Every structure is written in C-alpha cells, then in structure tokens.
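Trainee: The task is simple: from the sequences and hints, build the whole structure.
Quick note, the sequences are listed as chains G and X, same order.
With the working numbering applied, the first sequence closes on residue 256, and no number is skipped along the way.
With the working numbering applied, the second sequence closes on residue 269, and no number is skipped along the way.
Rather than coming from a laboratory, the hints here were simulated on the basis of the structure.
Check before you lean on any hint, since a few could be wrong.
So, partial list: chain G residues that the calculated Cβ filter (under 10 angstroms) puts toward chain X [said to hold, decoys possible]:
1. Met17
2. Glu110
3. Ser113
4. Ser117
5. Glu118
6. Gln119
7. Ile120
8. Ala122
9. Met123
10. Arg124
11. Ala125
12. Gly127
13. Thr128
14. Asp129
15. Lys133
16. Arg181
Computed footprint of chain G on chain X, listed as stretches where at least three residues anywhere in the stretch have a Cβ under 8 angstroms from a Cβ of chain G [stated by the list, open to error]:
17. 79-86
18. 95-102
19. 256-265
What follows is a list of derived Cβ distance ranges for each label pair [said to hold, decoys possible]:
20. X/Glu230 to G/Trp19: 50 to 56 angstroms
21. G/Glu89 to X/Glu122: 49 to 55 angstroms
22. X/Ser44 to G/Phe241: 46 to 52 angstroms
23. X/Asp99 to G/Asn76: 41 to 47 angstroms
24. X/Ser100 to G/Trp19: 24 to 30 angstroms
25. X/Glu122 to G/Tyr186: 53 to 59 angstroms
26. X/Ser143 to G/Glu89: 41 to 47 angstroms
Predicted model, so just to flag it, every value in this text is computed and none were measured.
Glycine is no exception: its CB is placed at the ideal position from the N, C-alpha and C atoms.
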Amino acid sequence: MNLAIKIVFETQEATLMVWRSALGLVRRPFYIRETINQMDIVGVGSLPIAMLAAFFIGAVLALQTASTLQAFGAQNYTGRLVATSLVRELGPVLTCILLAGRIGSGIAAELGSMKVSEQIDAMRALGTDPLRKLVLPRIIALVVMSPTLTVFANVVGTIGGLVISLTLLHIPASVYNTSARDALNYHDIFGGLLKPVVFGFIIAVVGCRCGLRTQGGTVGVGRSTTQSVVMSILLILISDFFLTKLIIALGPTGQF
Amino acid sequence: MSNKNSSNAIIFENILFGFGEQIILNDVSFSVKPGETIVLMGGSGTGKSTTLKLVLGLLKPESGHLFVDGENITDFTESKMMAVRKKIGMIFQEGALFDSLNVFENVGFRLFEQGASENDVEHIVRQMLKFVNLEDAIYKMPSELSGGMRRRVGIARALVGKPKIILYDEPTAGLDPPTARTIIELAMKLRDLEGVSSIFVTHRIQDAQQLASEYVTIDEKGEIVVRKDEKAASSRTKFIMLKQGKVIFSGSGRELWESPDPYIKNFLL
Ligand SMILES: Nc1ncnc2c1ncn2[C@@H]1O[C@H](COP(=O)(O)OP(=O)(O)O)[C@@H](O)[C@H]1O
Ligand SMILES: [Mg+2]
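Mentor: Below is the structure:
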C-alpha cells in the first residue's frame with residue numbers, strides 16, 4: 001500500500017472509530033465510572049509533571065527574552081512576552097506534547113496489548129462494545145483535561161518567569177505582573193484553550209487507533225506505542241499552525 | 001430450507017474468508033446440530049480460530065452464508081450481533097482474561113455490563129467457579145493464576161448467562177495431561193448434561209479420543225460419573241478436519257481413525 005492510500009485509509013478508520021464511539025454519548029450504556037477514572041489518570045496523574053515543566057519553560061522564556069529586550073531598554077516588557085508566548089503557544093503545545101508522551105503512548109500500549117491478547121475480541125464476544133467502554137472515556141478525558149492542565153501550566157509558567165525576573169533580572173513584581181496582565185486579552189485566552197481541546201482529541205484518537213490496529217504480538221505493541229507518540233506529536237505541531245492561522249483570522253485585527 | 005436452518009445450531013454454507021490477499025477459508029460448509037459437539041482439527045494456521053470468530057461475528061465472511069440458532073447472521077451489523085452473542089460463550093485460546101480485573105469481575109463481566117447488582121453477580125459467579133472448581137481464586141488477579149486456572153476462569157466466564165452454544169479455542173493447548181483431562185470433562189458435562197451445542201477446536205489427539213469415547217452421566221446415587229461408551233459419546237460428537245482452507249474430513253471418530261488419507265493418518269500419529 002502506498003502512503004497516500006494508507007493515509008486515506010487510516011483517516012477513514014479513525015473517523016469511523018470516533019463516530020461509532022460518539023454514539024455512546026446518546027445511547028446507553030454510559031460508562032461514567034470509566035470516564036472519571038480516565039480523567040483522574042490524565043488530569044491528576046499528569047498535573048505535577050506538567051507544572052514542573054511549565055515552571056522551567058516560563059523561567060527560560062524570561063531569561064531568553066530579557067537579554068534581547070535589554071538591548072532595546074525594554075526589560076519591563078518581559079512579563080508581557082512570557083505570558084503571551086505561554087498562553088498562545090508554549091502552554092498548549094508543550095503540555096500536550098507531554099500528554100502525548102505520557103498518556104497517548106499509555107493508551108496505545110494498553111489497548112494494543114488487549115488487542116494482541118484477544119481481550120478486545122473477548123469484550124465484543126461478551127456483548128460489550130470496546131469503542132464505548134474503552135475509546136469514548138479516553139477521548140472525553142483528554143478533551144476535558146488537556147485545556148485544564150494547560151491553564152495550570154500557563155499560571156505556573158508565568159510564575160516561573162516571575163521568579164527569574166525577581167531574582168536574576170531585578171524586575172519588580174508589580175512591573176512584571178502589570179505587563180503580563182496587560183498583554184492578555186480574551187481572544188488570546190480563547191485561542192489558548194481551543195488549541196489543547198483539539199490536541200487532546202488528537203492524542204486520544206491517535207492513541208486508541210494505534211492501539212486497536214495492533215498486530216503481531218508484543219513486538220507489535222511496541223511498534224504501536226512508538227507510532228502513536230510520533231504521530232500525535234506531528235499532528236499536534238501541524239494542526240497548531242493551522243489553528244494559529246484560524247485564531248488570528250478570527251481575532252480583532254483579523255489579518256494574515 | 002427454513003426447516004433445516006432452524007434445526008441446526010450453526011451452519012456454515014460455502015463460506016469464503018481471507019485476510020487481504022491470503023485466503024483462509026475456501027468454500028467451507030458444515031453444520032452443528034443442537035446438542036452436538038464438533039471437534040475441529042487441523043494444523044496451526046489453518047483457520048480454526050478464524051472459524052470461531054466468524055460464528056461470533058468478530059469477522060465477516062466474504063461470501064457464503066452463516067446461520068446461528070436459525071438466524072442468518074451473514075450481514076448482521078455489530079449492534080444486531082450483540083444480541084446473537086448473548087447465546088454464545090467463547091473460550092479463547094489463551095483465556096483472554098481482562099488483566100485489569102480480578103477473577104470475580106472477569107467472570108461476572110457480562111452481568112456487571114448489564115447493570116446487575118454486586119450481590120446477584122456474586123451468587124452466579126460463585127456457582128460458575130464451583131463448576132470449574134476454582135472457588136478459592138475468586139479475588140485473585142489473572143496474573144496470579146496458572147495457565148490451567150486461566151483457561152478454567154475463561155470457561156466460567158463463557159458460561160455466565162447459560163449460552164446454548166459454546167466455542168472452545170484450543171482450551172487444552174500447553175496444559176499438563178491431568179489439567180487437560182479436567183477441561184475435557186467440563187466440556188463433556190456441558191455436552192451431556194446441559195445439551196449445549198459446541199465447536200471444540202483442538203490439535204491434541206488425546207482430546208479427540210476422549211471426547212469420542214467417553215460420556216458423562218448422573219448415576220443412581222445422583223453423582224456425576226464419567227463412563228466409557230463409544231456409541232453414546234459418538235452420537236453427540238462429530239469430527240471435522242481442515243487443511244489449507246478446505247474441509248478434508250467430516251464424520252465420526254471411528255471414521256476418522258480409519259481414514260486412509262495420508263495427511264489425516266500423519267495427524268493422528
Ligand atoms: N488479523 C490477522 N491479519 C492477517 N492474518 C491473520 C490474522 N489473524 C490470523 N491470520 C492468519 O490467518 C491464518 C489462520 O489463522 P487462525 O485462524 O488463527 O489459525 P489457527 O487454525 O491456528 O487457529 C494464519 O495463517 C494467520 O497467520
Ligand atoms: Mg488458533
């Protein structure tokens with residue numbers, strides 16, 4: 001099979017998977033316990049690492065931008081640059097790349113080993129639709145938890161920038177905070193929340209699809225896991241470009 | 001025609017099935033009468049598991065017709081198949097237990113999914129585990145069980161809901177002879193005491209011999225006993241041999257042992 005056919009085929013299969021699991025939103029049975037459990041794994045489980053990463057990203061941003069801004073005597077705009085970079089780009093993208101590595105790979109590995117050990121078949125044989133019981137709760141959990149985690153990451157990242165500004169750059173907290181707050185508008189925040197919703201959806205769909213198409217024993221599980229991470233990170237970066245363009249087009253200036 | 005369909009548990013009618021280019025089943029036809037056990041034999045990779053998955057609708061044939069309990073399921077959608085699957089219990093090759101759930105949750109899976117209460121489920125699960133002689137393992141995780149125990153839990157799980165049809169996929173493969181015997185005895189109990197129809201996939205000749213020559217009954221004292229009686233066992237047991245996607249033998253145990261076909265002779269050595 002050549003690449004183009006493969007892409008079309010996989011897109012079709014993934015769409016069918018999402019469509020058929022989405023029927024589980026309107027028809028019984030509802031897997032509420034599974035969904036809450038997944039939210040716990042995705043959200044609570046990833047919170048410490050997402051916040052730790054965000055803190056250092058904010059710190060590095062402050063460090064990098066300050067030296068450039070200093071050349072123009074514009075050091076006081078550090079807060080503004082850190083906050084806008086985080087909210088618009090780095091918060092959503094880096095949080096979701098972490099999730100792709102931590103959660104997407106886990107989903108692919110778990111569903112993949114269930115597939116090769118015939119647990120998926122067994123579930124169907126026992127009258128339960130794996131798309132509803134396994135796929136839908138994971139999609140919901142990632143779509144809800146990715147933006148939530150992103151909000152935490154944005155806040156902690158801004159604090160990371162503040163700590164560096166105070167300690168190394170000697171910018172007063174009030175200056176940093178005012179500059180950060182002035183920079184943000186509703187449009188940025190909307191865009192910054194739309195992105196992780198889409199990215200979370202991508203991570204869940206890619207992870208589930210990679211897991212469910214696994215073949216060839218434990219080797220196949222390893223292959224699916226790797227594929228899911230590479231695929232979802234690529235799709236996150238590609239869709240980020242188009243989302244950014246869309247968000248700018250919808251924005252107050254509306255150019256580009 | 002309709003009479004024939006309703007008087008059979010399972011009918012394969014000219015079934016063709018392939019994975020991609022590779023043809024697995026080529027024009028396969030056979031039927032399972034109610035209360036009958038079909039022992040399905042053949043080398044590995046000849047499509048025995050595939051045959052069972054077709055019955056469950058986990059795979060769909062490319063052509064031909066498939067009847068289960070009088071219904072033509074050939075073109076059934078996934079949601080229509082769910083109702084048919086209630087009548088079928090499947091024992092997967094390696095047990096296929098859900099490894100995130102303990103034995104109790106595995107065996108009770110079907111009932112939990114139907115929203116039954118913990119108490120009702122526990123009653124039935126204990127009954128099933130008693131049947132496979134594994135009551136002590138109720139709160140163990142699958143990873144703590146031996147191969148034979150996993151198969152027996154798989155059997156208990158398949159029996160919940162009293163299915164009329166049971167499909168066994170090499171339930172004895174890789175087990176020591178005494179454990180294998182107990183599993184065959186479970187299958188005989190279901191065949192002889194419960195009147196279940198089944199397809200029993202195996203490539204162990206000992207399984208075939210035991211199923212063809214022994215039967216289970218309840219004696220005067222009300223106890224379950226195994227008796228050797230080829231006539232009684234044979235009336236409920238037929239053999240089918242697959243080779244390269246074709247049915248090359250279909251008949252009784254006696255006919256199988258006496259077959260002149262060199263491939264079958266070689267298989268029975
Ligand atoms: N999902 C699959 N995709 C492609 N080929 C498969 C798949 N499952 C099984 N096969 C092939 O189909 C053939 C029959 O498999 P199976 O029915 O499992 O054989 P067995 O008689 O050993 O149970 C084998 O050659 C196997 O390689
Ligand atoms: Mg097999």
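Trainee: For every hint, state whether the structure bears it out.
Mentor: Verification of the supplied hints:
About 12 angstroms separates the beta-carbon of methionine 17 of chain G from the nearest beta-carbon of chain X, more than 10 angstroms, and the hint is not met. A hinted interface residue such as glutamate 110 of chain G counts as satisfied when its beta carbon comes closer than 10 angstroms to some beta carbon of chain X; here the least separation is about 8 angstroms, so the hint holds. Contact between serine 113 of chain G and chain X, as hinted, is supported at the beta carbon level, the nearest pair being about 8 angstroms apart and thus within 10 angstroms. Checking serine 117 of chain G against chain X by beta carbon gives a least distance of about 6 angstroms; that is within 10 angstroms, so the hint holds.
With a cut of 10 angstroms, the hint placing glutamate 118 of chain G at the interface with chain X holds, because the nearest CB-to-CB distance is about 4 angstroms. Hint status for glutamine 119 of chain G relative to chain X: holds, with the closest Cβ pair at about 5 angstroms, below 10 angstroms. Here the hint on isoleucine 120 of chain G is kept, as its CB sits about 9 angstroms from the closest CB of chain X, short of 10 angstroms. Look at alanine 122 of chain G: its Cβ gets to within about 4 angstroms of chain X, closer than 10 angstroms, so that hint holds up.
The closest approach between the C-beta of methionine 123 of chain G and any C-beta of chain X is roughly 8 angstroms, which is under the 10 angstroms cut-off, so the hint is satisfied. Given the 10 angstroms rule on beta carbons, the hint for arginine 124 of chain G holds: about 6 angstroms separates it from the nearest Cβ of chain X. Taking 10 angstroms as the C-beta cut-off, the interface hint given for alanine 125 of chain G holds, the closest approach to chain X being about 4 angstroms. Evaluation of the glycine 127 of chain G hint against chain X yields a held restraint, the C-beta minimum of about 5 angstroms falling below 10 angstroms.
Checking threonine 128 of chain G against chain X: minimum C-beta separation of about 5 angstroms stays under 10 angstroms; hint holds. For aspartate 129 of chain G, the suggested interface contact is upheld, since its CB lies about 7 angstroms from the closest CB of chain X, less than 10 angstroms. Taken as an interface hint, lysine 133 of chain G checks out: its beta carbon lies about 8 angstroms from the nearest beta carbon of chain X, inside 10 angstroms. Checking arginine 181 of chain G against chain X by beta carbon gives a least distance of about 46 angstroms; that is not within 10 angstroms, so the hint is violated.
For the segment 79-86 of chain X, the assignment as covered by chain G holds, since 3 residues bring a beta-carbon within under 8 angstroms of that chain's beta-carbons and 3 suffice. Here the segment 95-102 of chain X counts 4 residues with a CB under 8 angstroms from a CB of chain G, which clears the bar of 3, and the coverage holds. Here the segment 256-265 of chain X counts 0 residues with a CB under 8 angstroms from a CB of chain G, which misses the bar of 3, and the coverage is violated. Between glutamate 230 of chain X and tryptophan 19 of chain G the Cβ separation comes to about 55 angstroms, which falls inside the hinted range of 50 to 56 angstroms.
For the hinted restraint 49 to 55 angstroms between glutamate 89 of chain G and glutamate 122 of chain X, the CB-CB distance of approximately 53 angstroms keeps it satisfied. Restraint check, serine 44 of chain X to phenylalanine 241 of chain G: a C-beta distance of roughly 50 angstroms satisfies the suggested window 46 to 52 angstroms. The hint said 41 to 47 angstroms for the Cβ distance between aspartate 99 of chain X and asparagine 76 of chain G, and at roughly 57 angstroms that hint is violated. Taking 24 to 30 angstroms as the suggested C-beta distance range, the pair serine 100 of chain X and tryptophan 19 of chain G conforms, at roughly 26 angstroms.
Checked against the hint of 53 to 59 angstroms, the pair glutamate 122 of chain X and tyrosine 186 of chain G passes, with Cβ atoms roughly 54 angstroms apart. The hinted window of 41 to 47 angstroms between serine 143 of chain X and glutamate 89 of chain G holds, with their beta carbons roughly 44 angstroms apart.
The structure does not agree with the numbered hints 1, 16, 19, 23 stated previously, though it agrees with the rest.
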